[in-house]
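Student: Letter by letter, the chains look like this.
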Amino acid sequence: MEAFFDWFRWLYQETGINLTFIYDSYDRTRLLQGFWTTILLAFTCLFLSVIIGIVGAWLQGSRLKWTRRIVQGYIQFFRNTPPLVQLYFFYFALGGLMPKVQNDWGGYEPLLGNFAWAVISLSFFAGSFNVEIFRSGIEAVPTSTIEAAESLGYTRLKAYIHIVLPLAFRVCLPALNNNLVNLVKTTTLAFAIAVPEMLYVSSQIWSDNVNVREMMTFLLVAYIALVGILVGAMNRWERAMKIPGYGSQ
Amino acid sequence: MNFRLAKVLVFSLIIVFMSGQAALADVVDDIKARGKLIVGVKADYKPYGFRDTSGKIVGIEPELAQDVADMLGVKLELIPVVASNRMEFLKQGKIDLMIATMTDRPDRARMVFILQPNYYSSGTNVLATKKAGLKDWNDLRGKPVCGIQGSFYNKKTGQEFGAEIVAFKGTAESLTALEQGRCIGFVYDDSFIIARLQDPKWADYEMPLPTIDDAPWGLAVKHGEYRFYGMMSEMIMKWHRDGRIVELEKKYGITPTPFAVKMNQKYSDKK
Amino acid sequence: MFSPRNKRQIPSLNPKHRLAVLLPVSNNELHASATELNSDQSPVRRIRSVHVLGLIFVFGVSAFAADTQVIANEPSILKTILIWTPLLIKGFGFNILISFMSMAIGTLIGACLGILQISLLPPIRLSSKVLTQFFRNSPWLVLLFYCMFMLPFEINIGGLRIPFPDWIKAVIGLSLPVMANVSEIVRGAVNSIPSGQWEASESLAFTRRQQIWLIILPQCYKRMLPPWMNLYAILTMATVLASIVGVEEVMTLAGQVLAADGRPELLVPIYSFVLVWFFVYCYPIARWTVRLERKYTVKS
Chain W
1 MEAFFDWFRW LYQETGINLT FIYDSYDRTR LLQGFWTTIL LAFTCLFLSV
51 IIGIVGAWLQ GSRLKWTRRI VQGYIQFFRN TPPLVQLYFF YFALGGLMPK
101 VQNDWGGYEP LLGNFAWAVI SLSFFAGSFN VEIFRSGIEA VPTSTIEAAE
151 SLGYTRLKAY IHIVLPLAFR VCLPALNNNL VNLVKTTTLA FAIAVPEMLY
201 VSSQIWSDNV NVREMMTFLL VAYIALVGIL VGAMNRWERA MKIPGYGSQ
Chain C
1 MNFRLAKVLV FSLIIVFMSG QAALADVVDD IKARGKLIVG VKADYKPYGF
51 RDTSGKIVGI EPELAQDVAD MLGVKLELIP VVASNRMEFL KQGKIDLMIA
101 TMTDRPDRAR MVFILQPNYY SSGTNVLATK KAGLKDWNDL RGKPVCGIQG
151 SFYNKKTGQE FGAEIVAFKG TAESLTALEQ GRCIGFVYDD SFIIARLQDP
201 KWADYEMPLP TIDDAPWGLA VKHGEYRFYG MMSEMIMKWH RDGRIVELEK
251 KYGITPTPFA VKMNQKYSDK K
Chain U
1 MFSPRNKRQI PSLNPKHRLA VLLPVSNNEL HASATELNSD QSPVRRIRSV
51 HVLGLIFVFG VSAFAADTQV IANEPSILKT ILIWTPLLIK GFGFNILISF
101 MSMAIGTLIG ACLGILQISL LPPIRLSSKV LTQFFRNSPW LVLLFYCMFM
151 LPFEINIGGL RIPFPDWIKA VIGLSLPVMA NVSEIVRGAV NSIPSGQWEA
201 SESLAFTRRQ QIWLIILPQC YKRMLPPWMN LYAILTMATV LASIVGVEEV
251 MTLAGQVLAA DGRPELLVPI YSFVLVWFFV YCYPIARWTV RLERKYTVKS
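Protein chains in written order, with this note's numbering: chain W, 1 to 249; chain C, 1 to 271; chain U, 1 to 300.
Fair warning: there could be bad hints in the mix.
Lysine-lysine pairs mimicking PhoX-like chemistry, simulated, CA-CA at most 25 Å apart [claimed, not checked]:
#: 1; chain 1: C; residue 1: Lys94; chain 2: C; residue 2: Lys75
#: 2; chain 1: C; residue 1: Lys94; chain 2: C; residue 2: Lys32
#: 3; chain 1: C; residue 1: Lys135; chain 2: C; residue 2: Lys201
#: 4; chain 1: C; residue 1: Lys262; chain 2: C; residue 2: Lys201
#: 5; chain 1: C; residue 1: Lys94; chain 2: C; residue 2: Lys36
#: 6; chain 1: C; residue 1: Lys262; chain 2: C; residue 2: Lys250
#: 7; chain 1: W; residue 1: Lys100; chain 2: C; residue 2: Lys201
#: 8; chain 1: C; residue 1: Lys94; chain 2: U; residue 2: Lys79
#: 9; chain 1: W; residue 1: Lys100; chain 2: W; residue 2: Lys158
#: 10; chain 1: C; residue 1: Lys130; chain 2: C; residue 2: Lys201
#: 11; chain 1: C; residue 1: Lys251; chain 2: C; residue 2: Lys266
#: 12; chain 1: C; residue 1: Lys201; chain 2: U; residue 2: Lys222
#: 13; chain 1: C; residue 1: Lys56; chain 2: U; residue 2: Lys222
#: 14; chain 1: W; residue 1: Lys100; chain 2: C; residue 2: Lys238
#: 15; chain 1: C; residue 1: Lys130; chain 2: W; residue 2: Lys100
#: 16; chain 1: C; residue 1: Lys130; chain 2: C; residue 2: Lys91
#: 17; chain 1: U; residue 1: Lys90; chain 2: C; residue 2: Lys56
#: 18; chain 1: C; residue 1: Lys56; chain 2: C; residue 2: Lys36
#: 19; chain 1: C; residue 1: Lys251; chain 2: C; residue 2: Lys238
#: 20; chain 1: U; residue 1: Lys129; chain 2: U; residue 2: Lys222
#: 21; chain 1: C; residue 1: Lys238; chain 2: C; residue 2: Lys36
#: 22; chain 1: U; residue 1: Lys129; chain 2: W; residue 2: Lys242
#: 23; chain 1: C; residue 1: Lys75; chain 2: U; residue 2: Lys90
#: 24; chain 1: W; residue 1: Lys100; chain 2: W; residue 2: Lys242
Between beta-carbon pairs, the in silico distance windows are [claimed, not checked]:
#: 25; chain 1: C; residue 1: Asp67; chain 2: W; residue 2: Gln102; range: 50 to 56 Å
#: 26; chain 1: C; residue 1: His223; chain 2: W; residue 2: Leu40; range: 55 to 61 Å
#: 27; chain 1: C; residue 1: Tyr226; chain 2: W; residue 2: Ser25; range: 52 to 58 Å
Rather than coming from a laboratory, the hints here were simulated on the basis of the structure. We treat Cβ as the ideally placed atom computed from N, Cα and C, and that holds for glycine.
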């Protein structure tokens, strides 16, 4: 293993290409942790944003005027403001208002840390787009199907869960995939509130070692690989879920 | 298709890597031909470089930059830089001179040409809550400490003392996080911390640890610019002789640092 | 489920208690919920001002809360923000300029790329597809970083030196994902034109170029408009990323204003202020997009 690392040290001496994140153990550990944090952040946000989308789409069809208005207000707020500023707002403004709990070093800090706020902010951001996507999926379910469900005695909620949602899901899957891929890319913003994800760790490595080019190239390759895997998996899933007779003309 | 995709990607990356840099003539000639001196300064570090309400960058370092421009007889253009890009900009040739609160360290001296004598000095210290009761740097082990992205002391504080560095983009974010209790302290230049502690709002905070890495700051020019280096060295000695640094410190409301006073005496005695 | 005992599950015919889809005939209540969300009549105008008022209320509350921490002889938070507003407005204008230029460059190149994606020659089709997928799948921030650090800061053509300021590099960095997205939009729109159009024009002896330019594209414009405007909204938000790479736009300036003032409690009011501006700029565009979407919906 040392021989492997030594080759990279030699590479630095000879060519000036400095890949410290391979041969230096501190940087290597940091970067692996950063990679893991990115994946954790991305999947948590994916999961939560889909749930928010489903719940939001349900609430949008509610009979109560104010429920609809609140959901609409939430969507417009999150779609029309930059996610970076939303992150700052959540972490510094709302984060500061949280009740303080005693932490392990004897100080008092607000309840939720920066990872939690990043998850909340990004999930709500992606969730607002998902609500619109699910709504368009729900609207694509033919009314005859819903009427049939109703005539069989399904309540609105049961019809939503058992009939409408499965059909709507398949119809809106392409748009949903697009949004989820965007979400994975947007997790890079968490670096602004010091969440130790891959971009943050890379920026620390390149400030310490001034190897900006190498780290940037690595980041580009790593994110393309990550997103590529996700897109591949999503495309597979899309093909498996395809309903004959629906889809692009 | 995937193999072809990989080939295209690899080729494009190689091409990007191999893009070379153009060679420049002597920078002093460039400045005189341009009629403008471009200096990189901080725009978010009061009182060394910060914005006034009209958007102009003012502070101790912009005034020093103006002195240099006056000496060369050209106009001055200030470019805001931050810790993470100031050396890159100098290397690329985007700025001719860097006066950006940069500590003089051997690994940096390899990247850029740091001018001697040093013009300023400060050390690293931590602004901490009194409640934390910190006595020693090792007390930071395992605790979250706020910092600024790109500062060199982040690595030492993180690696040697085992602190968990939580680095933000700007001082406002770090100070707010500190106030909210998200970190036990804020690791930064002691000059900044001393200035903050003079503000009554920070009465519950202290600077308990001994200042480490008391390292002088350096102005920098690009490697190979010997003529400019010579001119700037003379300039710095002149500043120390005339007490310009001490004068600027008083103007911007900070008590003159011991280093500035010492250098002033040293160079005025040499007369 | 069928037992008459359980009256709740049998839908009643009382108009107030039914699902919207049960009785399609009486359109008023059926469409009330849908149109309240989407129409441009007064309910939406009320909602629009309510949204902005809501945001201003949030901003005002945060400023007031921050004000309570201000010591007597310091200027109040609101006054401080008003003093710094001219500088921040310049920064915001810069954001808008970057978004316009990125959109223009990205749309031009992206439209060409999109048309190349439907080319009949496999190499062209393949390479444009690769390019599109590459730029679509990269995070915008990483592309921006890459352009900032990799592009030179000035270009020497012959003896002429052309300066390449930071914000132009940000424009190029942002126009790359825009180009990829526009390419996909164009391709999607072209693919949604029924194949009958292609066949009919071919039987009328149009060349491929004439087909695309005279027959297919004119039908595509309407379909492309709503997703294109949606992309513009996303791009406007993304211009804020340029602050991370050092461009002097509104977020960077907000950070510098905070450093110059030195009071941490100014953080939330200043960023809320910036939030309000973005909302006031983007919300009308969003509503206009919805209107266009409904106007140009293709009845299938």
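Student: So the hint says 50 to 56 Å: do the beta-carbon atoms of Asp67 (chain C) and Gln102 (chain W) match that?
Tutor: Hint holds: Cβ distance 52 Å, inside 50 to 56 Å.
Student: Can you confirm whether the C-alpha distance between Lys251 (chain C) and Lys238 (chain C) stays at or below 25 Å?
Tutor: Since the Cα atoms of Lys251 (chain C) and Lys238 (chain C) sit roughly 19 Å apart, the hinted pair holds (cutoff 25 Å).
Student: Can you confirm whether the C-alpha distance between Lys94 (chain C) and Lys32 (chain C) stays at or below 25 Å?
Tutor: With a Cα-Cα distance of about 16 Å, the restraint between Lys94 (chain C) and Lys32 (chain C) holds, given a limit of 25 Å.
Student: Is Lys262 (chain C) within 25 Å of Lys201 (chain C), Cα to Cα?
Tutor: Measuring from Cα to Cα gives roughly 31 Å; hence the hint is violated.
Student: Below or equal to 25 Å on CA atoms is what counts here, so check Lys129 (chain U) against Lys222 (chain U).
Tutor: 24 Å, holds
Student: Given the hinted pair Lys130 (chain C) and Lys201 (chain C), is their alpha-carbon gap at most 25 Å?
Tutor: 13 Å, holds
Student: Given the hinted pair Lys94 (chain C) and Lys36 (chain C), is their Cα-Cα distance within 25 Å?
Tutor: Distance ~13 Å between Lys94 (chain C) and Lys36 (chain C) Cα, so the pair holds.
Student: For Lys201 (chain C) and Lys222 (chain U), compute the direct alpha-carbon distance and say whether it is at most 25 Å.
Tutor: 58 Å, violated
Student: Is the Cα-Cα distance between Lys100 (chain W) and Lys158 (chain W) 25 Å or less?
Tutor: 40 Å, violated
Student: Could you grab the alpha-carbon distance between Lys135 (chain C) and Lys201 (chain C) and see if it respects the 25 Å cut-off?
Tutor: 23 Å, holds
Student: Measure nothing beyond the straight line between the CA atoms of Lys129 (chain U) and Lys242 (chain W); if it is 25 Å or shorter, mark the hint as holding.
Tutor: 23 Å, holds
Student: For His223 (chain C) and Leu40 (chain W), compare the CB-CB distance with the range 55 to 61 Å and indicate the outcome.
Tutor: For His223 (chain C) and Leu40 (chain W) the Cβ distance comes to about 42 Å; the hint is violated.
In terms of the numbered hints stated before, the structure departs from hints 4, 8, 9, 12, 13, 14, 16, 24, 26 and 27, listed from lowest to highest.
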